[in-house]
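Number of protein chains: 4
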Amino acid sequence: MNATGSPTAFSTLAACYQQVRGTTMSLCAPLEVEDYVVQSMPEASPVKWHLAHTSWFFETFVLKPAGVDLEAIPSQYGYLFNSYYNAIGERIARPDRGLLSRPTVAEVCRFRAAIDDAMRALLDRADDAWLRRLGPMIELGLHHEQQHQELILTDLKHAFGRNPLRPIYRDLELPGGEAPGPIRWLDYPAGLRRIGHDGPGFAFDNESPRHRVFVVAFRLADRLVTNGEYRAFIEDGGYERPEFWLSDGWNARNTQRWTAPLYWERSADGWRMLTLAGMRDLDEAEPVCHVSYYEADAFARWSGARLPSEAEWEVAAEGRPVEGNFLEDERFHPAPLAASGATGSPSQLFGDVWEWTRSPYSPYPGYQPAAGALGEYNGKFMCNQMVLRGGSCATPASHIRSTYRNFFPPDARWQFSGIRLARDV
Amino acid sequence: MNATGSPTAFSTLAACYQQVRGTTMSLCAPLEVEDYVVQSMPEASPVKWHLAHTSWFFETFVLKPAGVDLEAIPSQYGYLFNSYYNAIGERIARPDRGLLSRPTVAEVCRFRAAIDDAMRALLDRADDAWLRRLGPMIELGLHHEQQHQELILTDLKHAFGRNPLRPIYRDLELPGGEAPGPIRWLDYPAGLRRIGHDGPGFAFDNESPRHRVFVVAFRLADRLVTNGEYRAFIEDGGYERPEFWLSDGWNARNTQRWTAPLYWERSADGWRMLTLAGMRDLDEAEPVCHVSYYEADAFARWSGARLPSEAEWEVAAEGRPVEGNFLEDERFHPAPLAASGATGSPSQLFGDVWEWTRSPYSPYPGYQPAAGALGEYNGKFMCNQMVLRGGSCATPASHIRSTYRNFFPPDARWQFSGIRLARDV
Amino acid sequence: MNATGSPTAFSTLAACYQQVRGTTMSLCAPLEVEDYVVQSMPEASPVKWHLAHTSWFFETFVLKPAGVDLEAIPSQYGYLFNSYYNAIGERIARPDRGLLSRPTVAEVCRFRAAIDDAMRALLDRADDAWLRRLGPMIELGLHHEQQHQELILTDLKHAFGRNPLRPIYRDLELPGGEAPGPIRWLDYPAGLRRIGHDGPGFAFDNESPRHRVFVVAFRLADRLVTNGEYRAFIEDGGYERPEFWLSDGWNARNTQRWTAPLYWERSADGWRMLTLAGMRDLDEAEPVCHVSYYEADAFARWSGARLPSEAEWEVAAEGRPVEGNFLEDERFHPAPLAASGATGSPSQLFGDVWEWTRSPYSPYPGYQPAAGALGEYNGKFMCNQMVLRGGSCATPASHIRSTYRNFFPPDARWQFSGIRLARDV
Amino acid sequence: MNATGSPTAFSTLAACYQQVRGTTMSLCAPLEVEDYVVQSMPEASPVKWHLAHTSWFFETFVLKPAGVDLEAIPSQYGYLFNSYYNAIGERIARPDRGLLSRPTVAEVCRFRAAIDDAMRALLDRADDAWLRRLGPMIELGLHHEQQHQELILTDLKHAFGRNPLRPIYRDLELPGGEAPGPIRWLDYPAGLRRIGHDGPGFAFDNESPRHRVFVVAFRLADRLVTNGEYRAFIEDGGYERPEFWLSDGWNARNTQRWTAPLYWERSADGWRMLTLAGMRDLDEAEPVCHVSYYEADAFARWSGARLPSEAEWEVAAEGRPVEGNFLEDERFHPAPLAASGATGSPSQLFGDVWEWTRSPYSPYPGYQPAAGALGEYNGKFMCNQMVLRGGSCATPASHIRSTYRNFFPPDARWQFSGIRLARDV
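Chains as they are written, first to last, in the working numbering: chain A, 1 to 425; chain B, 1 to 425; chain C, 1 to 425; chain D, 1 to 425.
Just so you know, these hints were derived from the structure itself, not from any lab.
Please note that the accuracy of each hint is not assured.
Copies of one chain are not kept apart here, so a pair can be met inside one copy or by any two copies together.
[Said to hold, decoys possible] Calculated cross-link-like contacts (lysine to any residue; reagent style SDA-like; alpha-carbon spacing at most 25 Å):
hint: 1; residue 1: Lys64; residue 2: Asp116
hint: 2; residue 1: Lys64; residue 2: Met137
hint: 3; residue 1: Lys64; residue 2: Leu122
hint: 4; residue 1: Lys64; residue 2: Glu376
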């Protein structure tokens with residue numbers, strides 16, 4: 001997939017398919033068979049479920065509509081690997097995905113291979129008419145698979161985090177950095193702006209239509225909040241002072257007994273944290289990560305600031321280069337700010353951590369979900385979730401763009417989610 | 001309280017106090033002692049808790065700051081009757097409010113009387129400086145009490161609804177009407193508009209600041225959705241077809257086993273419904289009521305329409321007279337549309353039922369919560385709730401205005417909440 | 001009801017009826033209307049439910065079979081006041097009893113009066129045939145009502161215990177005592193014994209048939225365990241040392257966060273406890289009370305002893321006078337041992353506190369439940385409960401006997417339940 | 001292990017160790033790696049947990065006391081593989097056992113091998129003093145391992161039962177049989193009997209001391225209840241008629257939505273059932289299996305009979321040959337009665353299915369748990385469980401005896417548990 005995210009010819013589409021599907025398998029290379037099986041919470045899925053579900057997507061939305069019938073695939077796979085498409089039929093309860101020892105990893109890999117063979121054959125013989133009809137679906141399937149690449153890493157990290165043996169995904173160097181100077185505030189004037197996707201490249205339906213929005217003047221932090229800054233919040237009693245918290249957030253903090261971001265552990269020698277490269281000392285220069293919306297919001301209020309709206313974020317990000325610490329960098333962890341010079345423009349917008357916005361996930365004016373089952377991809381989740389922007393260290397570079405809207409419930413912490421501050425003028 | 005909602009002199013304030021506090025007690029006149037005690041679900045409160053909590057509000061935010069100490073009031077009342085003000089101290093768990101037989105109703109009434117005596121004395125001796133300092137707090141306390149007047153009715157209705165004896169609150173006539181003609185769609189052009197409160201009258205902090213918002217062209221239904229229309233949705237399998245529902249909504253429907261609005265019951269002779277005047281046959285001409293946001297949203301999708309945003313609603317309502325079926329009408333139930341002639345402007349905007357909007361409850365740009373404990377009044381609930389507009393048959397007329405933002409979780413059904421449709425152009 | 005517990009003539013039966021029904025109402029005399037309504041946990045019931053349920057019993061099992069139809073009684077009362085008789089029809093869910101404000105206390109009292117009138121009329125005109133047929137049912141109904149007299153007190157105490165105002169049921173003197181000397185162990189030889197009820201007096205079906213049981217030689221404590229002894233267990237880390245606890249008990253202690261008996265509170269000045277006469281300092285000489293089976297069992301293990309079996313208890317109690325601190329003493333609280341002289345026989349067997357035995361509640365060999373709905377009275381609870389013996393300070397004296405088998409789940413603490421130790425020889 | 005269950009020399013003990021440990025691994029031979037990982041409910045454990053826990057037992061209770069320190073074993077294994085021994089330290093929460101992908105199956109097998117090597121070395125150099133000290137512990141460890149052999153099969157069956165693919169453990173022939181004739185009732189006279197273990201062979205502490213018990217005359221069914229007989233109970237509305245059920249049982253039936261034994265499925269062609277050899281048609285001649293105590297008790301009441309007490313069962317079984325359908329038969333499923341001739345003595349006492357008794361699991365008179373951590377093996381579970389007798393098709397033949405007391409909570413269904421009826425005379 002190229003930087004524009006949109007293949008324009010058969011050869012490109014086939015190459016993209018090959019590349020994206022291959023990346024998924026590469027991510028799994030360090031795993032033991034057992035690592036594919038476990039599900040550490042209802043919101044996470046076993047790795048082998050991700051491998052199978054992404055394949056089921058191509059089977060269901062490309063191969064079947066194209067008239068390709070894969071006889072050898074057990075009929076129950078549809079039941080097992082459907083995720084939330086009610087229009088496609090029944091499916092196994094989400095929290096039960098970790099109960100299944102079968103199909104085995106080897107069987108799932110055979111399923112993937114069968115899908116890949118059929119897809120290759122289809123792409124080989126495709127003509128222009130096919131491309132117009134099924135090309136968009138294949139492209140969607142690849143972006144869908146990239147989303148699951150990120151989930152494979154975050155779900156695996158969560159499972160490893162529940163295991164007292166603290167397994168290591170990959171033994172990586174994670175070079176530290178110097179704590180950046182104070183946040184600089186960048187000013188943006190009030191005005192009628194346009195946000196949302198329009199144009200030739202790929203985008204999900206929830207990014208459309210591009211539309212006008214009036215943005216009040218605001219200030220945006222030039223960088224992400226660091227671990228060091230977040231530690232100061234903790235040490236100032238941030239988790240014990242309800243005045244900083246939303247009511248639901250305070251409730252979540254009580255029920256789930258939060259005292260620090262997920263994966264932080266207090267030891268005799270200070271804070272330590274879990275990474276995909278194992279346990280290590282807290283690096284104060286790194287962007288803070290694995291915080292919920294509630295924690296991000298409470299931190300912002302403690303700071304005398306607030307979180308940006310998604311419109312504000314997009315206004316600041318539009319037209320800026322999509323550069324940063326992505327999946328391809330194989331750090332799998334946010335990185336300290338490289339250079340903290342005053343550039344006059346925001347750093348770390350893309351990659352490192354998803355940035356919580358204060359915007360609930362809602363349809364844009366005039367939003368129309370896709371027809372059929374794919375209409376369930378985005379629209380039906382537009383309630384009780386908050387928008388995050390910018391991608392993370394587990395997001396493929398070709399997957400992200402300034403109009404991209406990610407969304408999670410406000411208490412979710414297992415994604416690489418962090419904080420950028422904003423302020424009223 | 002006058003139509004502008006804002007007293008301008010001592011005498012007015014004292015008269016408002018008298019009137020609002022008296023209305024609360026009048027609402028309780030038909031009750032048995034036992035009716036004040038029960039709590040039928042965690043979200044509801046016993047009537048005597050409402051009576052005490054609204055009095056505690058004046059004690060805490062007016063009398064104590066004014067240096068008035070009421071010695072005779074047991075010290076535990078603060079613990080018992082605080083609601084959600086963390087800054088004021090600990091409080092009894094919300095679901096436990098119905099466990100308390102003491103203080104008795106008589107004791108609570110004595111508590112109210114003691115507060116009223118002290119408040120009257122305070123208002124009698126108040127001078128201009130007092131008025132500037134404490135007047136706004138008293139005014140807030142009266143609007144707060146009006147909110148609890150509505151809750152007294154809805155919580156009581158819920159408790160009666162759980163009781164197989166189906167008690168009757170008041171034996172009222174509920175004259176029916178003729179089913180209105182088809183919905184007419186009113187067109188509103190795109191443009192930069194202003195919404196939110198500004199000016200001299202009272203408003204809650206969440207209605208400010210008044211700010212510009214770009215509104216895309218839209219169409220709004222000229223009236224509310226009726227029971228008859230909603231029945232057609234049910235009969236068309238609305239509750240069995242996931243394609244109409246948000247994901248969380250479908251989950252709520254499954255978990256809570258919804259098959260119709262709250263208080264509807266299918267009998268051999270057709271639908272019947274619970275009102276505060278007892279059980280009666282469904283009146284197809286009445287506005288549908290006691291639906292959750294999820295149901296309202298599903299109904300709208302089934303209709304090929306959508307719910308309005310709060311900005312759209314306010315654009316349509318601004319400047320229109322605040323007239324309708326309110327608490328003072330003592331119907332305590334939505335009324336059929338009086339005249340269905342084509343007026344070119346929306347009917348039933350105020351009163352009858354709160355209208356669900358598609359807008360999550362979020363702060364306006366530049367929103368600042370009040371300082372101190374009262375800052376907890378609104379701001380900390382700005383997550384996981386949806387905005388409702390327009391007031392209901394249980395709302396005092398002097399309490400509502402076009403900028404008023406009510407909010408409830410999307411699965412709440414025990415309020416008088418209904419549906420107005422909107423459409424993209 | 002006389003000491004033998006069995007009326008032998010019309011006049012006696014009518015007098016018993018009058019006395020027992022009157023006692024129930026006397027127990028309620030100190031209550032406020034609100035006190036009748038609340039339900040502080042699913043296992044407890046509102047007082048007005050007890051008043052109505054005991055009346056429903058006579059209506060259902062005596063008046064209806066006798067052909068007496070009370071037209072004025074609302075048909076839903078059967079649904080509301082049935083407890084667990086599946087054979088009699090549906091009933092309201094137990095945890096929902098506290099949701100009902102209606103029928104009011106006054107209506108319930110009218111229901112009781114109507115039942116009493118009808119019962120008196122029935123008893124007036126009864127002849128020998130009637131007596132043979134319905135006399136046993138009436139007698140059962142009176143013993144049933146006595147059980148609910150005890151529950152009225154324990155359920156009320158529980159509700160008062162949840163209320164931060166700590167209401168007082170009655171303002172009573174609770175004279176203290178001197179801590180008794182060390183426990184003396186009474187020896188009982190091995191042998192084939194008979195336990196269970198046989199003979200003319202009243203007994204519940206679960207006390208029959210009288211049967212042979214081989215009892216291994218054992219030793220029984222001559223008195224109950226005191227608060228002082230139990231405090232030593234607490235101070236020795238009894239609640240922190242799993243080696244004393246059954247597995248399910250340790251789990252209950254963790255889940256319910258037990259650190260002392262129910263109603264004990266640690267204050268700056270030492271332990272205090274809730275009584276029906278309000279809060280007071282712990283009296284070390286009193287029998288310990290409001291402990292679960294798990295706590296009683298853990299205390300016994302810590303003591304190097306064990307709890308007696310119900311057969312052992314009955315062997316020790318048979319033939320001994322039924323004397324002690326009962327409901328009629330109106331202390332409503334266990335009393336210190338009056339005289340601690342060595343009598344050679346066990347003290348405090350009856351009254352004060354129910355004594356947990358190590359015996360699960362099971363049918364006696366040859367047990368036959370009564371036919372029809374009354375067969376549900378006892379037999380269907382013979383699982384997951386433990387037997388308690390001897391009655392308490394809330395038990396009417398005429399209600400208890402040496403063969404009486406009470407039963408509660410092992411984690412129940414709100415009854416007046418205490419500890420007597422036993423030992424192997 | 002020989003039929004007496006008790007090794008008498010080094011060589012025997014070493015051979016027993018070899019044999020039992022080898023059997024465990026043989027049972028796992030048909031499994032895929034993934035099958036070792038899953039945990040289908042909190043009561044079940046992953047197979048690899050069983051493999052590790054049984055090894056941890058020898059490490060903890062034999063090797064460490066013998067001074068053998070296995071340095072290579074990760075220190076967290078003690079935390080991971082301890083089950084319920086509070087005296088040994090903290091342990092992972094039971095429901096979390098299925099979250100662990102590491103240690104891998106290969107690592108667990110290396111752990112087993114290291115333990116086996118050390119055990120062999122220990123046994124090689126053991127002298128008489130060692131044997132006296134550690135022999136009983138080793139023997140206990142082997143019986144403990146045999147219990148887990150049975151659990152490996154039942155936990156695996158449960159996991160396969162949750163999987164829509166319905167995996168097959170082993171592809172076995174399960175020859176059917178002819179439905180037996182009517183139950184014959186065998187008479188046993190009243191009398192003072194002795195039950196419990198005494199003598200040289202191995203037994204668990206809960207089987208002691210042997211003691212006298214008076215047994216009332218009773219009648220015992222000469223065979224187990226069959227699927228066909230149980231089907232008649234279902235078809236007679238057994239699951240819809242509360243009069244047959246214990247109160248807690250009826251509640252379990254409602255909450256867990258029981259309509260048939262676990263693993264039964266109604267298809268268009270009649271009942272089918274899951275076995276370890278896959279799905280097959282219900283064989284009416286086989287003993288009914290996978291019923292809870294509540295279902296067994298309800299069936300008995302429907303039959304006009306009851307379940308036997310454990311004393312009755314033991315009186316009938318004492319002295320009879322320990323023969324039946326055991327683990328070694330590798331059927332892993334109950335078998336139809338071979339010959340239904342009137343033998344005058346009960347058939348199927350051992351093997352096939354564990355037989356629910358009406359006896360709650362309680363200590364025998366004079367019972368003393370072992371000292372130290374092993375005292376937690378049995379005694380602390382003596383509450384809220386029912387005794388089962390006789391072993392099953394998943395029990396090793398050398399593991400069972402007439403005094404053996406198994407125990408499970410009354411709602412457990414995933415064991416091979418069935419029904420034998422008894423009657424009063």
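Do the hints match the structure? See the list:
In this assembly of identical chains, Lys64 and Asp116 lie within 25 Å of each other by CA distance solely inside one copy; the values are 14 Å within and 54 Å between copies. Taking the closest pair of Cα atoms, Lys64 and Met137 come within 25 Å of each other only inside a single copy of the chain (12 Å); across copies the shortest separation is 62 Å, beyond that limit. Taking the shortest Cα distances, Lys64 and Leu122 sit within 25 Å of each other inside one copy (11 Å), while across copies they are farther apart (63 Å). With identical chains, the CA atoms of Lys64 and Glu376 are at most 25 Å apart within one copy only, with a shortest distance of 18 Å there and 55 Å across copies.
Violation of the numbered hints given earlier is absent; every hint is satisfied by the structure.
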